[in-house]
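**Q** Chain by chain, the residues run as shown.
Protein chains: 4
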Amino acid sequence: MSRDLYENLADSLTKKGVDVARVEAAIKSFEIETPSWGYGNSGTRFGVFKEPGAARTLHERLQDAAEVHRVTGVCPSVAIHIPWDKVDDFAAVKAEAAALGVRIGAVNPNVFQDKAYKYGSLTNVDPAIRQKAMDAILECVDIMTKVDSRILSLWFADGSNYPGQVDMRKRKRWMQEALAHIHGKLPVGARMLVEYKLFEPGFYHTDICDWGMSLVMCQHSGANAQVLVDLGHHAHGVNIEFIVASLLDEGMLGGFHFNNRKSADDDLTVGSINPFEVFLIFVEIVAAERSGLIKRPIAYMIDQSHIVKQKIEAMIQSVMNIQAAYARALLVDWKALAHARSRNDAVDAERVIQDAYMTDVRPLLEKIRTDMGLEPDPILAFRNSGYLAKIVEERKGELKGAASWG
Amino acid sequence: MSRDLYENLADSLTKKGVDVARVEAAIKSFEIETPSWGYGNSGTRFGVFKEPGAARTLHERLQDAAEVHRVTGVCPSVAIHIPWDKVDDFAAVKAEAAALGVRIGAVNPNVFQDKAYKYGSLTNVDPAIRQKAMDAILECVDIMTKVDSRILSLWFADGSNYPGQVDMRKRKRWMQEALAHIHGKLPVGARMLVEYKLFEPGFYHTDICDWGMSLVMCQHSGANAQVLVDLGHHAHGVNIEFIVASLLDEGMLGGFHFNNRKSADDDLTVGSINPFEVFLIFVEIVAAERSGLIKRPIAYMIDQSHIVKQKIEAMIQSVMNIQAAYARALLVDWKALAHARSRNDAVDAERVIQDAYMTDVRPLLEKIRTDMGLEPDPILAFRNSGYLAKIVEERKGELKGAASWG
Amino acid sequence: MSRDLYENLADSLTKKGVDVARVEAAIKSFEIETPSWGYGNSGTRFGVFKEPGAARTLHERLQDAAEVHRVTGVCPSVAIHIPWDKVDDFAAVKAEAAALGVRIGAVNPNVFQDKAYKYGSLTNVDPAIRQKAMDAILECVDIMTKVDSRILSLWFADGSNYPGQVDMRKRKRWMQEALAHIHGKLPVGARMLVEYKLFEPGFYHTDICDWGMSLVMCQHSGANAQVLVDLGHHAHGVNIEFIVASLLDEGMLGGFHFNNRKSADDDLTVGSINPFEVFLIFVEIVAAERSGLIKRPIAYMIDQSHIVKQKIEAMIQSVMNIQAAYARALLVDWKALAHARSRNDAVDAERVIQDAYMTDVRPLLEKIRTDMGLEPDPILAFRNSGYLAKIVEERKGELKGAASWG
Amino acid sequence: MSRDLYENLADSLTKKGVDVARVEAAIKSFEIETPSWGYGNSGTRFGVFKEPGAARTLHERLQDAAEVHRVTGVCPSVAIHIPWDKVDDFAAVKAEAAALGVRIGAVNPNVFQDKAYKYGSLTNVDPAIRQKAMDAILECVDIMTKVDSRILSLWFADGSNYPGQVDMRKRKRWMQEALAHIHGKLPVGARMLVEYKLFEPGFYHTDICDWGMSLVMCQHSGANAQVLVDLGHHAHGVNIEFIVASLLDEGMLGGFHFNNRKSADDDLTVGSINPFEVFLIFVEIVAAERSGLIKRPIAYMIDQSHIVKQKIEAMIQSVMNIQAAYARALLVDWKALAHARSRNDAVDAERVIQDAYMTDVRPLLEKIRTDMGLEPDPILAFRNSGYLAKIVEERKGELKGAASWG
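Residue numbers (the working numbering), protein chains in the order written: chain A, 16 to 421; chain B, 16 to 421; chain C, 16 to 421; chain D, 16 to 421.
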């Protein structure tokens, strides 16, 4: 780590009025959850390219997540996907995670891959399948208790491919009744986050298609339902940071699924395509924090399915990019911004925003990592650890009962 | 009108189980509101091409609207835009409209053209301008009483062009407080419809950007606020008929601004680019009618700014296309559709939908018009009337005080 | 088939000046190729839902294609995908197809599924993999000779996911050199069609991303290279019929991959989402035919991967929708259209176009089928044939060596 | 200017192997052309908000451009729009510009605002209007000679709003014949750049709609025709840097119209919405420079219509953002990038790209400006100059004969 670069940056920021110690404290306490499914094989409909060393079971996924936490220091929790991560003894998983230095985060019911769900899960026209999906989700609620998870993360592939195929209105009712029922079963202190997505795998309609529909679903459910924003699930041209700001204002922003996209739901590493957008989202979050609007912690979760990048490195890279975006957002000169806005001075407002964005925060992040007893560059730390060679060696062949995305 | 074609169609539909008399009654009672501003000059930012005979004042616009009603028989009301349509004596306007065989429909406050609104109206950072906009809107509420209008139609150009330029969250609050205030001032029995738009003239953010934001605004306002859906105001790939169905289910669909688009907010004549979409929207409406969901009448309004088509003809053509879409939607075999859906048979569901859509309903519409004492083809009726030649002759030069879109 | 409905329609068309016999002859001679891969299982990245009776081998796929041809009468050729359809003896396949009443159409090299192609095929940074892809394609050229195919249909999944990942310019060179080489190996009288696609599976860049890039590749290749237009491979807002018209004008339109989309590359059945667009494409084709611009036959091919529809029915439905679009395009009153255009009368031009489009051509198509010795409704003919029950019974279990999309 | 920050940056870059002197020399010689129309009033179709001091004539626009050049040092040329900038004596203009320290750059014929062009210019169905447009353009060719301009910059609003409205194929022929004719009239050493745009003001089809169509037009014209890329003229999801790379590879990239967009053709200041995209475009340019592909100078031109920003400041801000993007692109470690690409290491490739992008180049740019005898911050230099107060005072009222965008 370059101490000089850090000192220069810190001096420069201090001169601008930034409370550097406070910024560093905020970054140190900012945690990002990684997803178990991001460590396994995945692909597109054109094929899955299996990667040597890709995690095959929850146990291997927890190891990988722990490795990411080891080098980044800010990823202590792991989201799981049921049934992909289903095991017999979840109490043991809790202990296993703890031994690895991590914990289980959000529980994500998967009600899209079983062949029963071809035409939907909670919105299936067949009541038996709706019940099956409900049972699967309530099983996840049980698992939440066993692993001390406070977040039920709900995404549904439910939708249709053709005009006329389904009664969209009836499905809306089924969905909201089911969600209200699930809400009633949540453990004390837990929340359910309702994710939306414009399309895929449904190509004509998706039952929960945008933030408006997620919000309606949460309103029908109850006080512990909030919206989950996945950065890759919007139509082109949509202003995501404004959705974030609006949900914050309504007290309805539960969390994020971070990733990046250029085309559709690309599941690319955060910040790889449009880093400015990630920064602007954090600007809204920091602004809302300053306004005292955030009453319940926002769940910052990564949701990516790495295809061409080494999976663990891709996760680390995303964590680093999220940190960089947040760090820059913490540098915004709010007073100057407010002044520019009061004069409708778009030039100066942009100068304030860009001043924070253009700052090279890497020396700051490296210094923070050193403070935390980490290597300054987590990617290099990972590469130098020998971890990858080890898992490539260990994880040969397919495991019985292993399930995943791809 | 070809009686034979009608007889053949009616026989064919009757054989399929369609209650033709009922369909005809529904079409006859289906009214479409035309907008005063659609009769005046308009254009793009690249220029306004003035059309001979284009209406210059509310009086001329009412004449043109009356002409459209004369040849279509289903357009008895006219939406107005204030201040474009502002006159001294609105009581006289009411009488003038009645004499022409029409009435005033929705009142649309224009709070975007005055130079004060450069940075917003109800969401302007300057409280004096927010008040100015509020006054302008409350003046429209007064006008509603004078002209017996039951609908206040609210669209706001408010937004911003650059990241950082405005405090989006603060503007959201200003907007919802202002709308709640307006709601409290509505005449008895009146509603306010809150329109949304993805972008333009704001290119970075728009304060009311999608149906979710309109819905939130209505929820904060009160029981007489509903959402207005403009067909040209969505991102690409969005399923508008699903939004319509969802709003109907929530009891929050107030009305439509009909037009068509391929690119952005093109304001093209209804059904010119994607006639199937208009049909699918009406399928949802008819389905909701059958379910008893529609408690308050939906306001079917056209919002178009004709550039390359003769304006009155363009309006008539849109009315005809809306009627055709509605007529086809009335032909859907709901029983067969429900059966196909219950089996997840997307092939048969599409066959039911397409059977209605592919039916050539023109003989039916022509017969209905004849029943109503109209010419079967309203475009030809207009062309044969000599009306256009007359207004081209009469409307030469610019009128003092005339205002419009372009 | 309703003789009366046909007679009424024919009379009505004749009165309008349509040469009905000529229209019927055109429709009868209009052939559509179906894809072998459309009869096998497929899915999305979220999963493949296997369908009872789905074809597992080329032999089964040919049977299904023959069934589609049996009930539609216009699908005598079948496109194949290598290696999915690879067999030892292609001479035998030719005979097998002939015995089933069909023939092999376009040969489609699949150079995306083998794990070697993870980072590209003809544009892979590794020369050995580029050579492997070249060999695979030249093997397809050999197969063309064996099965008497005249069309090599080239689509490449080649692209990248991240800015910086690849040298896009170098890959362009590799692609154009490879295509020129392939062009030199084409059998006498054969053509290669170069398909483009905006995105997927590449999410940042695709080596052949749009019609412009396909055109450039064809220009660098030689006289027997033409562009292949897949209806689902464009960005939102793009005018496909204008691309079609422009390629026709350049003599560079080789053929189509028909399907439909609302979101991305949805692979939905033709005409299910936007039937007007299909019609407008055929309007351009008919216009070009009338202008004598079409020197080499356009290859009309379906490319769909059915998920929620029964696969054979979905194919038949697409064929019917294509026929309906073509039939309507044949009804355009070109003289009236030219007249409207000469006056810049967009209202009348649209009336001409809509007059053709709104015509219910189903009685005409039913009559033509009857003339051809077919049942008027191919879907019902298929359902009544017992074919589906038979294949569901026969095709149980997985076959060794069977390969497919899903 | 902070000398220390510069020294630190230079040291750090030098350690990484960057030849800082070479980078500085490249930035100093990198020139950006500003557009005369960017200094005048403009707006959206919803209205034009006039700005105090906005330039009303070519003379005032040249003054403003000279002011931008004075504070940035890299904007010595000014693009003009005819007839907006038409004057009687262009020889005098040349002298006037020289006296102000600038020169005339590209000449842009405006063939869209005259009422004759409502239905097109070079593609109008009326040969007289086609001739009128041709005459207007050839007049611009004459002006080129008078003002020593080497670039004819061609953008056409030509298109249509409705399916059927025009014969798109015939218009393509008219366009290519006209462009070939214009090409033949170009002064020695001059080029014509053919711009494309997806939509607006045409909402159904645009005659030159994408880079493929521009390329075809250039190919039909001759060796001095090249494509002009406007950053705001693409469909959503299109990879502009790949288009740039491909045109460079074909030797067909003539120049840029820089601006930014989130929605459609927003004409926002460069880098305000997606600064990473601008950087990636420059990465491709620098790479092509290194490969010796650039035989004729690329015309770097700004094309913006400022609405909510003070116009001169907006122009300066854009110039600064372009410089920053170019400066960062010059820092790419090409050797490391090539190495990462050769291993298909997308993680490392991104690290190389992001290392350049995340570098805060502002101290470098400030040092360069100081070297050039300029103030380090051109915006502050402008604000401190008193120029704005002066023009606000001087430019009151409307001038006879003044014409502009708005």
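Think of the hints as simulated: they come from the structure by calculation, not from any bench.
Hints may be right or wrong, so weigh each one.
All copies of an identical chain are treated as equivalent in the list; a pair is satisfied when it fits inside any one copy or across any two copies.
Below, a list of computed lysine-lysine pairs in the DSBU-like style, where the Cα atoms sit at most 35 Å apart [unchecked claim]: (1) Lys185 to Lys147; (2) Lys161 to Lys130; (3) Lys109 to Lys350; (4) Lys310 to Lys200; (5) Lys130 to Lys101; (6) Lys161 to Lys30; (7) Lys65 to Lys350; (8) Lys30 to Lys147; (9) Lys43 to Lys30; (10) Lys30 to Lys185; (11) Lys405 to Lys43; (12) Lys109 to Lys147; (13) Lys185 to Lys350; (14) Lys133 to Lys101; (15) Lys405 to Lys133; (16) Lys101 to Lys411; (17) Lys130 to Lys310; (18) Lys30 to Lys310; (19) Lys350 to Lys405; (20) Lys310 to Lys43; (21) Lys43 to Lys185; (22) Lys133 to Lys411.
**Q** Look at each hint and say if it fits the structure.
**A** For each hint, the structure was consulted:
Proximity of Lys185 to Lys147 under the C-alpha cut-off of 35 Å is restricted to the intra-copy arrangement: shortest distance 18 Å within a copy versus 44 Å between copies. Taking CA atoms no more than 35 Å apart as the test, Lys161 paired with Lys130 passes inside one copy only; the shortest distance there is 28 Å, against 40 Å between copies. Taking the shortest Cα distances, Lys109 and Lys350 never come within 35 Å of each other, neither inside one copy (45 Å) nor across copies (46 Å). Taking CA atoms no more than 35 Å apart as the test, Lys310 paired with Lys200 passes in both settings, with 22 Å inside one copy and 34 Å between copies.
In the homo-oligomer, the alpha carbons of Lys130 and Lys101 lie at most 35 Å apart both inside one protomer (18 Å) and across protomers (29 Å), since each shortest distance falls under that limit. Neither within a single protomer nor between protomers do Lys161 and Lys30 lie at most 35 Å apart by alpha-carbon distance, with minima of 50 Å and 53 Å respectively. In the homo-oligomer, the alpha carbons of Lys65 and Lys350 lie at most 35 Å apart only across protomers (29 Å), although the nearest pairing inside one protomer, at 51 Å, exceeds that limit. Taking the shortest alpha-carbon separations for Lys30 and Lys147, neither the intra-copy value of 61 Å nor the inter-copy value of 42 Å comes in at or below 35 Å.
In this homomeric assembly, Lys43 and Lys30 come within 35 Å of each other (Cα to Cα) both inside a single copy, at 22 Å, and across copies, at 29 Å. With identical chains, the CA atoms of Lys30 and Lys185 are at most 35 Å apart between copies only, with a shortest distance of 29 Å across copies and 60 Å within one. Within a single copy, Lys405 and Lys43 get their C-alpha atoms as close as 30 Å, which meets the 35 Å cut-off; across copies the closest is 51 Å, which misses it. For a Cα distance limit of 35 Å, the shortest separation of Lys109 from Lys147 inside one copy, 26 Å, qualifies, whereas the shortest one across copies, 48 Å, does not.
In this homomeric assembly, Lys185 and Lys350 come within 35 Å of each other (Cα to Cα) only across copies, at 15 Å, whereas the closest approach inside a single copy is 50 Å. Taking the shortest Cα distances, Lys133 and Lys101 sit within 35 Å of each other both inside one copy (21 Å) and across copies (30 Å). In the homo-oligomer, the alpha carbons of Lys405 and Lys133 lie at most 35 Å apart only across protomers (23 Å), although the nearest pairing inside one protomer, at 39 Å, exceeds that limit. Proximity of Lys101 and Lys411 under a CA criterion of 35 Å is satisfied in both settings, with 21 Å inside one chain copy and 30 Å between copies.
In this homomeric assembly, Lys130 and Lys310 never come within 35 Å of each other (Cα to Cα): the closest approach is 40 Å inside a single copy and 40 Å across copies. In this assembly of identical chains, the alpha carbons of Lys30 and Lys310 lie at most 35 Å apart only when taken from the same copy (32 Å versus 47 Å across copies). Only between protomers do Lys350 and Lys405 lie at most 35 Å apart by alpha-carbon distance; the minimum there is 30 Å, versus 51 Å within a single protomer. Taking the shortest alpha-carbon separations for Lys310 and Lys43, only the intra-copy value of 20 Å comes in at or below 35 Å, while the best inter-copy value is 51 Å.
For a Cα distance limit of 35 Å, the shortest separation of Lys43 from Lys185 across copies, 29 Å, qualifies, whereas the shortest one inside one copy, 47 Å, does not. Taking the closest pair of Cα atoms, Lys133 and Lys411 come within 35 Å of each other both inside a single copy (32 Å) and across two copies (20 Å).
Violation of the numbered hints given earlier is confined to hints 3, 6, 8, 17; the remaining hints are satisfied by the structure.
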